[in-house]
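Novice: Fit chains B, C and D to the given chain A structure using the hints.
4 protein chains.
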Amino acid sequence: MSHNSFGHLFRVTTWGESHGPAIGCVVDGVPPRIPLSEPDIQVYLDKRRPGTSRFVTQRREPDAVEILSGTLNGLTTGTPISLLIKNEDARSKDYEAIKDLFRPGHADYTYQAKYGIRDYRGGGRSSARETACRVAAGAIARKVLGRNIRIRGALIRLGRREIDRSRWDWRAVDKNPFFCPDATAAKGWESYLDGVRKKGSSVGAVIEIVAEGVPAGLGAPIYGKLDGDLAAALMGINAVKGVEIGAGMAAALLTGEENADEMRMRRGKVTFLSNNAGGILGGISTGQDIVCRFAVKPTSSILTPRRTVTAKGRNAMISTKGRHDPCVGIRAVPIGEAMVACVLADHLLRHRAQMG
Amino acid sequence: MSHNSFGHLFRVTTWGESHGPAIGCVVDGVPPRIPLSEPDIQVYLDKRRPGTSRFVTQRREPDAVEILSGTLNGLTTGTPISLLIKNEDARSKDYEAIKDLFRPGHADYTYQAKYGIRDYRGGGRSSARETACRVAAGAIARKVLGRNIRIRGALIRLGRREIDRSRWDWRAVDKNPFFCPDATAAKGWESYLDGVRKKGSSVGAVIEIVAEGVPAGLGAPIYGKLDGDLAAALMGINAVKGVEIGAGMAAALLTGEENADEMRMRRGKVTFLSNNAGGILGGISTGQDIVCRFAVKPTSSILTPRRTVTAKGRNAMISTKGRHDPCVGIRAVPIGEAMVACVLADHLLRHRAQMG
Amino acid sequence: MSHNSFGHLFRVTTWGESHGPAIGCVVDGVPPRIPLSEPDIQVYLDKRRPGTSRFVTQRREPDAVEILSGTLNGLTTGTPISLLIKNEDARSKDYEAIKDLFRPGHADYTYQAKYGIRDYRGGGRSSARETACRVAAGAIARKVLGRNIRIRGALIRLGRREIDRSRWDWRAVDKNPFFCPDATAAKGWESYLDGVRKKGSSVGAVIEIVAEGVPAGLGAPIYGKLDGDLAAALMGINAVKGVEIGAGMAAALLTGEENADEMRMRRGKVTFLSNNAGGILGGISTGQDIVCRFAVKPTSSILTPRRTVTAKGRNAMISTKGRHDPCVGIRAVPIGEAMVACVLADHLLRHRAQMG
Amino acid sequence: MSHNSFGHLFRVTTWGESHGPAIGCVVDGVPPRIPLSEPDIQVYLDKRRPGTSRFVTQRREPDAVEILSGTLNGLTTGTPISLLIKNEDARSKDYEAIKDLFRPGHADYTYQAKYGIRDYRGGGRSSARETACRVAAGAIARKVLGRNIRIRGALIRLGRREIDRSRWDWRAVDKNPFFCPDATAAKGWESYLDGVRKKGSSVGAVIEIVAEGVPAGLGAPIYGKLDGDLAAALMGINAVKGVEIGAGMAAALLTGEENADEMRMRRGKVTFLSNNAGGILGGISTGQDIVCRFAVKPTSSILTPRRTVTAKGRNAMISTKGRHDPCVGIRAVPIGEAMVACVLADHLLRHRAQMG
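Residue numbers (the numbering used here), protein chains in the order written: chain A, 1 to 356; chain B, 1 to 356; chain C, 1 to 356; chain D, 1 to 356.
Okay, chain A solo, but in the shape it has when bound (with noise of 0.2 angstroms):
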């Protein structure tokens, strides 16, 4: 019941804090005799790598990523696999002036409402640097799910900005710095942040998360349902605030004819006409891609004066200089991927278990 762990048999234990010497993860529970070396895990961390674009915060992390166990000679053994990140680019100084002071948005204020101490250098433990670990421990989990199940990202909604399903071309996705599938709404975008951006503003977002291949049968209904362990997973990240599975919230909106994804055999195959479902029915997946979507919030750390408090209770104004994502929904995409991941490869496991 780790605070810090998720997943069960595919389980990964996080730590570290942003501005520590180092953070990394302990994923265990991987299966024998799969090919893993450094690369696999870097080219996943290269994508949510900060400073890779002006939307981006400015830190410059490597993000390079070292395997301390769990393998020999380029396979996994069936024991723990713990990994580490190195923190490089840490500038403690420019957290000083804000050490006493709340950051409305941010998680300043509950830390230290719980724990009675704040590691307020870079946010701490609940900096977005966290994530990095995610992203490893997901490309290690796509290992365990095979080639044959494919995983993929794209930021739907840039603030008031959204894409046009019609033009969803997921070759778009790498040519732009939003993964954005609509490489005509990404071009609009890019003025549209900058604007954001030199305001010292910052928006919201939201990602899809498709994943294809994935066989009927996982998912472990009542309490370990396939949608309810991908909802925690994903309202998890930092800044989420809401999760959807295929229709998602629009499913209120639908009669039980229009939300019924009809059934047909083609050559001798069940298929269905509709994904309302997203992919998951009473918990199990159903052999239709696993459709899920989430909101993330406008950064919190933006240069506009706001009223807040300080730790010893008195009323100040704060405004939030240093190197923040304008829009950390961006690279939440190759994040919401890890953890869509992660969910899958534990339920590859568990489904194992109980079905042989």
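Incorrect hints may have been included.
Stated by the list, open to error - Restricting the straight-line Cα-Cα distance to at most 35 angstroms, the calculated cross-link-like pairs of lysine-lysine (DSBU-like) are:
| no. | chain 1 | residue 1 | chain 2 | residue 2 |
| --- | --- | --- | --- | --- |
| 1 | C | Lys199 | C | Lys47 |
| 2 | A | Lys312 | A | Lys199 |
| 3 | A | Lys86 | A | Lys99 |
| 4 | B | Lys312 | B | Lys199 |
| 5 | C | Lys321 | C | Lys93 |
| 6 | D | Lys143 | B | Lys269 |
| 7 | D | Lys93 | A | Lys143 |
| 8 | B | Lys312 | C | Lys143 |
| 9 | A | Lys321 | B | Lys269 |
| 10 | C | Lys199 | D | Lys269 |
| 11 | A | Lys86 | D | Lys47 |
| 12 | B | Lys93 | C | Lys143 |
Unchecked claim - Quick list of the computed label-pair ranges, beta carbon to beta carbon:
| no. | chain 1 | residue 1 | chain 2 | residue 2 | range |
| --- | --- | --- | --- | --- | --- |
| 13 | D | Gly213 | A | Pro39 | 50 to 60 angstroms |
| 14 | D | Glu258 | C | Ser274 | 30 to 40 angstroms |
| 15 | B | Gly51 | C | Asp174 | 47 to 57 angstroms |
| 16 | D | Glu162 | C | Thr310 | 33 to 43 angstroms |
| 17 | C | Gly213 | A | Pro35 | 31 to 41 angstroms |
| 18 | D | Pro62 | C | Asp174 | 57 to 67 angstroms |
| 19 | C | Arg266 | D | Lys99 | 21 to 31 angstroms |
| 20 | D | Arg167 | A | Ser92 | 54 to 64 angstroms |
| 21 | A | Thr304 | B | Glu66 | 51 to 61 angstroms |
If you are wondering where the hints come from, they were derived from the structure by calculation, not from laboratory data.
Keep in mind it's a predicted model, so treat the numbers as computed, not measured.
For each residue, glycine too, the CB sits at the ideal point set by N, CA and C.
Specialist: Quick look at chains B, C and D alone, frame taken from chain A:
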């Protein structure tokens, strides 16, 4: 890691099928010497009970709960509390006709795909009947939380109709068959839902749950975040497709300035000037109201014929007769309250463990 | 992390007090489509049942088990199996006299110290009556393990008397009231235990459990070792004070040469020339017989007066009347078998999860 | 349910192989604002460290611990504490010769049977080197328990030699290379173990751990019993084959009268006149000293040739050279202390959660 248990320190294990002899649950970890008798639980079960209006299923179940263990002279003893509810009005014959048909939108197909066997009578384990156990556990959770924490829910959308939040009145909730906080809206909903019901159709709904009096500090980051656990608990309710905390999916549309819940000292206490966070920052409660919402899809059992396939892989049509809720979202209100209560009780104990 | 659950993938949750209306358990994680009916379980309950000879408690309990969920037409469905056993012969009045006295060697004092309340009737939750649920769960575990794995137990010591291992005969075990594998020894034990019983005294015992047919590879090092889990399962049985695997405590007296279980190829298979390891190395099964032993202390409820204190803190004497086993170790044989079966079933599923 | 984690609220996850770049652990659930720095941990690691006398392995490891997270200015913050210990003196070449041979008594064969791959260098994950992490975690556990709880261990048997309990003196423990509480016995042990060592043989040992100052009430019956958890924790230490609480296996020889720990009021406090229970009744601490013992088998790596088989299934002989402890039981003393400390810390938090 039981598939049918949830919570860690306040831990609930449920069992039972829709048409078996009984359903029940075991609630473990309850602190000792708390007054607890059947009526404390029955009052909540009665809210969820079928047959209370023409807008819910007409199955006649008294849902009378029996406490089989864990109390002595009306006080909890710290040992597991076993609750039993007999199934009295199961009509398994109603299901013979659809024994080999997969109802679209139901778990029929996925249970068969996963287990290679399924209890087709009334949906078996995947039936919403299981949620009676959640409500019973929730009643015990409220006892653990004490009187200072108040958890209430309301239906804020019924299909295409939604409430006017300016007319929100908690007292209205118990005075209409929809748990609707807007008395004016509720009136119109009767004829609206009658129309849906008579057409043999169904609609979805959105439920909002508010927990007042929750102290700052509950939640166990990073992977036992209060919002992550709430998301899992609510997404795991039958037919739920979306979950929101505070501003929810709409957080994506806000700017950093709009989203920041500014803080001021008021009579020596930290107060927030808004609650976009829904009472949770960094996975830890802020001391504000915890506000969450979830969307329930329309009842999948509808009279209108839909295309489906048989267990043997043939195309077929299905029209689901029997006694069904035209909107399962209505009875989800007490269920949502119960799940929030259980999550909070678990986190209260978790917090106490680490903080003393 | 439920206090009253054990196992991870094959997971058992028990509930109930000695003098409540019933006791029971929920067994979760059982693979689907395994034949299971009440008689499969009853046969093991009958071995543990009170009142079967003059050497066990005379409480008359049929211990008839009811399956309330998780099966359909005599097959498991993969959903939780709820078992219920009614308490029929509780005589709570027998316990009025010792309501405020702490019986030495019993859990009376510690339950009071922990919970500030205790169900004094028949020992409440701490009664050995709870072990009926373990035996019932063990019967299901055997089904999960299949016929190739055979788990048997025997009493190898009764107080100061022990068996002659050269006379070990498994067929003898069911032919005497002690589960003793040495028919000659068992004869002498009758008068020995009659003497103990008539004096109002009691004696301890040592039980040995052997699991044959367990494949090499079960066990999840480092903290889910097969021997570690067996130790917890056996030490957790009421009144157990010691647990041994293979050579056990005597391993300390061996030299490295004596202790090494040498290996040879025999008909193309790896074989071991001895079994000091008790079938487990590095926490993983070797493919040899799993051999474990545990010591049960003498029944604490004795007629001989003992010094004690009252709940109000006064010195007192106590002499425990009522219906007690002169040696609780006897009925611990089927309980020990059941616990070993449950641990093995859990590890079989865990192994399958990681190894496929 | 991680295979490489233990504890629930005070939770330890370890990772690393004997000859990898490092070993380490993550300790989660530690209450905040506890003073903690490297020297607090190092003092215990130095007790377990190899190379401290001729009676333990001559591998030269400084075992210097680094705290990578979870503290701020020498105080714990409530977030996970990551500890790292570099491997500095691994000589993997020593193991080339036995790469394809299974050492009897070792985990070589079982790891291969389970995983189909094994890190043969120094025993890989199954090496006793992993126990350094347990000792490090134990040092933190002691901090959580506070100064009123004192946990000490001693070697009470070395092969065929045992101590005279009447000469027990805790002060002697740190003054001989055996952690022996009987100074007179310890003297004789030097030449005895020299003889064993020079013959290329090894011997087993029995260790006793005593925890003083533990309040009554710790332990979570039925399946989180304090003795059950201690048994798992101690049996899970490398090479342990038996675990005893209080009277242990000898409890079987006692009568009910002898075994009953009678109670009297002394200066207004409940006291016990003996401690056959080892401080635990019904799985809950009594307030007496917690007393447990465990037997360690002789080191399996011996010079004397033994029969074995190769990975390819051929008969062979093996003689294990390299740097090995003639009695691994000696260094098990600080490890046993650490495991007891971790179990108690976990139960202290569990107790606090339910009892407030």
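Novice: Tell me the hint numbers this structure goes against, listed in increasing order.
Specialist: none
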